[in-house]
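K.L.:
Next come the chains, spelled out residue by residue.
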Amino acid sequence: MARTLTPKRKVAFTVLAWVLGLLIFFPILWTVLTSFKTEGEAIANPPSFLFFDWTLENYTEVQERSNYLRHVINSVVISFGSTAIGLLIAVPAAWAMAFSPTKRTKGILMWMLSTKMLPAVGVMMPIYLIFRDLGLLDTLLGLTIVMTMVNLPIMVWMLYTYFKEIPGDILEAARMDGAQLGQEILYVLAPMAVPGIASTCLLNIILAWNEAFWTLNLTAADAAPLTAFIASYSSPEGLFWAKLSAASTMAIAPILILGWFSQRQLVRGLTFGAVK
Amino acid sequence: MATMHTRSIARLMMAPSVILLLGWMLIPLSMTLYFSFLRYNLLMPGMEDWAGVFNYEYFVTDPAFVTALVNTLVLVGSVLVISVGGGLLMALLLNQPIFGQGIVRLLVIAPFFVMPTVSALVWKNMFMHPVYGLFASLAHGLGLPAIDWLSSAPLLSIILIVSWQWLPFAALILLTALQSLDEEQMEAAEMDGASAVRRFAHITLPHLARAITVVILIETIFLLSVFAEILVTTSGGPGYDSTNLSYLIYTQALLQFDVGGASAGGIIAVILANIVAIFLIRLIGKNLET
Amino acid sequence: MKLSRLLLGTCAAVALTAPALADTTLTIATVNNGDMIRMQKLSGDFEAKNPGIALEWVTMEENTLRQKVTTDIATKGGQYDVMTIGNYEVRIWAKQGWLLPLDDLGDDYDADDIMPAIRQGLTYEGTLYAAPFYGESSMLMYRTDLFEKAGLTMPDDPTWSFIGEAARKITDTNDGVYGICLRGKAGWGENMAFITTLANSMGARWFDMDWHPQFDQPEWKAALQYYVDLMEDAGPPGASTNGFNENLALFQSGKCGMWIDATVAASFVTNPAESKVAEDVGFALTPHGEGIDKHGSWLWTWNLGIPAGSEKVDAAKAFIAWATSKAYTEMVAEKDGWANVPPGTRTSLYENPKYQEAAAFADVTLKAINAADPENPAVEPVPYVGGQWVGIPEFQGIGTAVGQQFSAALAGNITVDQALQNAQRFTEREMTKGGYIQ
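Residue numbers (the UniProt record's numbering), protein chains in the order written: chain A, 1 to 276; chain B, 1 to 290; chain C, 1 to 438.
Hints in this document: simulated from the structure, not taken from any laboratory. Every residue gets a Cβ at the ideal spot worked out from N, C-alpha and C, and that includes glycine. There's no promise every hint is true.
If we take Cβ atoms under 8 angstroms as the criterion, some of the chain C residues that face chain B in the derived model are [unchecked claim]:
#  : residue
1  : Gln40
2  : Ser43
3  : Phe46
4  : Lys255
5  : Gly391
6  : Pro393
7  : Glu394
8  : Gln396
9  : Ser407
10 : Ala408
11 : Thr415
12 : Gln421
13 : Gln424
14 : Lys433
Here are a few chain B residues that sit away from chain C, every Cβ distance over 12 angstroms (derived from the structure) [to be verified]:
#  : residue
15 : Asp62
16 : Asp258
17 : Ile275
Coverage of chain A stretches by chain B, computed from C-beta distances (three or more under 8 angstroms per stretch; other residues unrestricted) [claimed, not checked]:
#  : segment
18 : 71-84
19 : 190-197
20 : 241-247
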């Protein structure tokens with residue numbers, strides 16, 4: 001986008017964009033700053049912005065109380081695992097829908113999306129009982145399965161809209177050359193689909209990482225991810241603003257960093273067929 | 001080219017997704033349906049007997065039911081308006097060749113990565129708290145009385161928190177769509193002397209229609225089941241002022257441990273969700289047809 | 001220095017990620033209160049004394065904890081080996097056969113030392129089903145400096161009308177000092193604990209002998225009106241979202257003239273490391289209504305119990321015995337001082353001169369616990385045991401819904417009369433649904 005603006009406008013737009021951007025980002029910045037304050041400074045009025053005694057004691061305290069690293073590992077296993085499994089199931093389905101559409105394709109797609117509208121709490125007890133009987137409560141496997149199922153509709157849909165934009169002529173040409181299905185996917189489709197798949201994966205990882213109903217209700221100790229970690233900081237006794245900030249920073253830092261580093265990739269595929 | 005052969009392969013490829021999702025939906029749903037006709041309270045085992053439509057009757061006549069229904073719609077509607085409106089504004093700004101565009105974009109998308117529990121905790125304690133919150137400090141500095149956000153405007157507060165999380169998402173998708181806007185068409189319109197407003201209304205907005213539809217669809221799916229934000233901040237109160245349908249079912253299921261009642265609520269919510277889904281499919285059908 | 005501690009902690013965490021060396025791993029579900037967090041920090045002592053047993057902590061906020069352990073025990077999910085539960089749950093669960101009897105916690109456990117009022121609340125048909133970790137009643141905490149400044153003297157056994165006057169007199173909004181802080185956050189264990197205590201001590205009751213709710217009676221109207229008026233005149237802003245923790249933070253930072261809440265708060269508000277007002281706190285019994293000899297019967301204990309069907313019974317018992325023993329108390333005293341030991345469970349603690357000296361609040365706490373009468377919590381006869389709660393399974397749901405109404409009344413969104421009417425209607429519905437009212 002290389003449109004030109006008058007210098008005056010450019011400055012005005014820049015200022016406006018920065019102000020709005022900082023405003024939107026401010027809650028996160030403020031949390032990170034507060035996490036380095038002492039509890040007393042955290043609630044000081046008027047609050048100090050940068051000029052306080054920076055301390056790491058909140059992080060030490062949080063680490064003493066909970067096994068942060070283990071929660072991170074669980075979060076990683078669940079979000080990446082469910083994404084990988086989801087991909088294995090969703091790619092063929094989306095591929096089939098995009099390249100051999102039938103009258104029912106749209107209907108199936110919409111039905112899949114509608115399963116996401118079920119209120120989780122309404123079906124919580126059956127899932128809980130089934131998981132108990134299968135021995136899946138508080139296991140990484142169980143949670144990975146749930147996350148896969150919860151996000152599968154979005155994955156299928158996102159991949160479908162992405163695949164659909166791949167021109168069919170190329171496939172025809174490949175078929176003319178006598179390419180087999182496997183080759184078709186590997187040499188023709190894959191290179192074109194990679195950005196869409198990458199973006200689908202990223203979105204799915206973010207959604208799975210932040211999911212806070214199933215992860216909280218189906219885990220106890222062994223499989224508890226970061227959502228459970230942060231749950232132990234909601235309103236503990238006494239002054240806890242700084243400690244809460246430290247725990248919050250620790251909970252969102254990994255995904256925020258991942259998100260920032262991959263945002264270009266994420267954005268590129270995040271169109272759901274909206275760009276045509 | 002859709003021969004019988006490729007068609008059956010296509011079916012085979014779709015089978016895992018369809019079967020798994022069907023299982024994921026039908027098994028719990030049929031159990032929920034069954035439970036909804038039982039007098040089934042976790043705290044009183046051994047008393048599960050057939051209750052007919054008793055649970056439905058109680059759920060629908062619950063004084064909180066209508067309020068929760070209205071709150072759900074208000075919440076979804078307001079967040080959609082704020083996030084799409086704000087997201088559009090942000091996307092238009094970010095689409096300009098401004099200084100530090102990349103960094104501003106990073107700042108804007110950040111809230112989307114924050115887990116709902118954390119964002120609710122942060123907003124509740126660090127901003128909306130009437131004594132220690134930053135808003136209270138600001139009000140104090142201006143000589144105004146501090147507003148107790150979560151009790152005097154509970155639903156609005158939740159709408160704000162949820163909008164903050166979803167605005168970046170809308171901005172991102174709309175920005176991506178904007179970047180694919182045909183530049184020549186824009187310039188031609190500019191040459192013809194069309195004003196900025198007209199260009200926006202006649203070229204940009206129609207171009208964004210599909211993207212906006214997509215944002216609405218995805219956000220609706222997630223907004224219908226907003227839960228963590230309410231649990232952490234207001235617990236549905238004061239009164240039922242910020243109780244939505246998900247939260248109401250939650251109070252039945254995990255506060256009263258009334259599995260029967262919660263299941264009836266779950267079924268009702270499923271029916272309502274399907275009505276919304278049908279409505280959305282119509283909308284999508286119009287706007288997403290290729 | 002601090003950075004290195006952090007790094008060390010991280011390394012230790014990595015090492016702990018694989019507790020594979022131990023034969024038995026106990027998963028302990030507990031609440032994120034200060035005393036429990038201290039127990040978790042000190043638990044290395046237990047692991048050192050019991051090689052072969054490793055501990056796995058699941059610390060949660062109170063409501064989350066309750067949901068998770070209740071779901072787990074009712075469905076026999078078996079995710080936890082030791083559960084932290086309230087005295088409200090113990091008898092209801094024992095009746096269902098969900099808990100293991102805890103009669104044999106070892107020879108030197110001295111179960112007879114547990115205070116009778118506390119012990120009785122954990123006993124079902126003559127058998128102890130949970131061991132108390134700490135116990136509390138309610139008391140009044142007040143700022144001696146503010147009282148002096150206002151020329152007021154706190155009687156040992158104040159009445160509600162005195163409290164009302166005093167609170168309004170102390171309030172100085174320009175200075176950010178509010179006469180009284182009380183719970184307002186909706187929840188059966190939050191605002192309803194206080195409001196039920198208030199109501200009990202003003203002659204109201206939840207149910208009559210036929211289980212009909214009593215919110216349409218004048219006693220309830222008087223109690224709720226008193227509460228709402230008082231908080232409007234002398235309470236902090238946003239009181240309707242304040243629970244125990246929020247009020248504790250307010251009191252510790254010097255914003256409250258008085259605070260009526262759980263007795264455990266006493267050690268936090270007098271701890272100079274956490275509290276700005278540690279030197280200026282006085283204590284008195286929970287106020288009572290004119291001519292009424294009830295202080296509300298607040299009695300709460302956090303207890304450790306073992307779910308029936310557990311496969312690690314011996315290890316779990318060993319842990320419970322360790323955590324609720326006299327030796328644990330002494331260990332805390334040695335490490336963090338006598339004022340910080342878990343209070344309200346053992347008679348011997350209150351006879352200990354070192355504790356009496358270190359804890360100015362010991363005497364009032366003991367009196368408050370002894371004054372609680374769970375069998376007869378209200379002035380008039382009631383069909384339930386309880387105090388700040390009612391001992392039926394439905395109470396969690398009812399209490400929270402009623403709490404929502406009262407919280408809305410406190411926020412000014414509805415009137416006191418509306419709140420009482422809604423509460424009455426809701427409770428009657430639920431009691432009918434539960435089959436209490438025929």
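K.L.:
With chain B as the partner, please determine if serine 43 of chain C meets the hint condition of a C-beta pair closer than 8 angstroms.
P.N.:
27 angstroms, violated
K.L.:
Is the interface hint satisfied for phenylalanine 46 of chain C? The criterion is a beta-carbon contact with chain B at less than 8 angstroms.
P.N.:
31 angstroms, violated
K.L.:
Just want to verify: aspartate 258 of chain B was marked as not at the interface with chain C; is every Cβ pair farther apart than 12 angstroms?
P.N.:
7 angstroms, violated
K.L.:
Mind taking a look at whether chain B covers the segment 241-247 of chain A? Criterion is 3 or more residues with CB to CB distance under 8 angstroms.
P.N.:
holds (count 3)
K.L.:
Closer than 8 angstroms between Cβ atoms is the bar; does lysine 255 of chain C clear it against chain B? Give me holds or violated.
P.N.:
7 angstroms, holds
K.L.:
Let me know if the C-beta of lysine 433 of chain C comes in closer than 8 angstroms to any C-beta of chain B, holds or violated.
P.N.:
6 angstroms, holds
K.L.:
At a threshold of 8 angstroms, is the proposed contact between glycine 391 of chain C and chain B supported by beta-carbon distances?
P.N.:
This hint is violated: glycine 391 of chain C lies away from chain B, its Cβ roughly 12 angstroms from the closest one there, beyond 8 angstroms.
K.L.:
Just to be careful: measuring from the Cβ of glutamate 394 of chain C to every Cβ in chain B, is the smallest value less than 8 angstroms?
P.N.:
7 angstroms, holds
K.L.:
Hint check: is the beta carbon of threonine 415 of chain C less than 8 angstroms from a beta carbon of chain B?
P.N.:
Given a least distance of 12 angstroms, the restraint on threonine 415 of chain C is violated.
K.L.:
Would the hint on glutamine 421 of chain C stand, with a C-beta cut-off of 8 angstroms toward chain B?
P.N.:
11 angstroms, violated
K.L.:
Taking the closest pair, is the beta carbon of aspartate 62 of chain B still more than 12 angstroms from chain C?
P.N.:
Violated, since 8 angstroms does not exceed 12 angstroms.
K.L.:
Would the stated hint for proline 393 of chain C survive a check requiring a Cβ distance to chain B of less than 8 angstroms?
P.N.:
Check passed: Cβ of proline 393 of chain C comes within 4 angstroms of chain B, closer than 8 angstroms.
Against the hints set out earlier in the document, violations occur for numbers 1, 2, 3, 5, 11, 12, 13, 15, 16, 18 and 19.
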